[in-house]
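J.: Could you build the full structure based on these sequences and the hints that come with them?
Position one of the first sequence corresponds to residue 1 (the numbering used here), numbered consecutively onward.
In case anyone wonders, no lab produced these hints; they're calculated from the structure. Hints are all accurate, no fakes.
Ranges between beta-carbon positions, derived for each pair:
1) 5 / 90: 28 to 38 angstroms
2) 3 / 58: 13 to 23 angstroms
3) 1 / 32: 11 to 21 angstroms
4) 95 / 1: 33 to 43 angstroms
Backbone N, C-alpha and C define an ideal beta-carbon position, used for all residues, glycine too.
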Amino acid sequence: MKFEERVWELMKRIPKGKVTTYALIAEKLNTVAYRAVGNACRRNPYAPVVPCHRVVRSDGTIGGFGGKTSGKTVEKKIQLLRKENVEVRSGRIVDFKKVLFRF
DNA sequence: CGCAGATGGCTAG
DNA sequence: CTAGCCATCTGCG
1 MKFEERVWEL MKRIPKGKVT TYALIAEKLN TVAYRAVGNA CRRNPYAPVV
51 PCHRVVRSDG TIGGFGGKTS GKTVEKKIQL LRKENVEVRS GRIVDFKKVL
101 FRF
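T.: Structure, rendered in structure tokens:
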């Protein structure tokens, strides 16, 4: 079982309409490598199985990649989240702590 | 509000 | 084994 697989499993556990943060996942994995978590998402071979769109930053920002939220992947995430009852405003989660899922 | 530094783990050579 | 990368976080100005 690799580090990444563990990350994916946790992501799968995220219920619909909820989100989580990289730091939280990392902490749950008994580590502090939030970056490695993001790495796993980015390389995630389990495209739809691992809802990486339900994983956001600690402050509620969607994040995305490339440094800015100008990527298409981010927009896709937002749309999915909005569809799952998660309100997103300017790349940020609305009522973040309300939809934040604690493991 | 904006920027820089500090981290842990992964992939590729 | 070494070097570079990354979808982050936190603190400070």
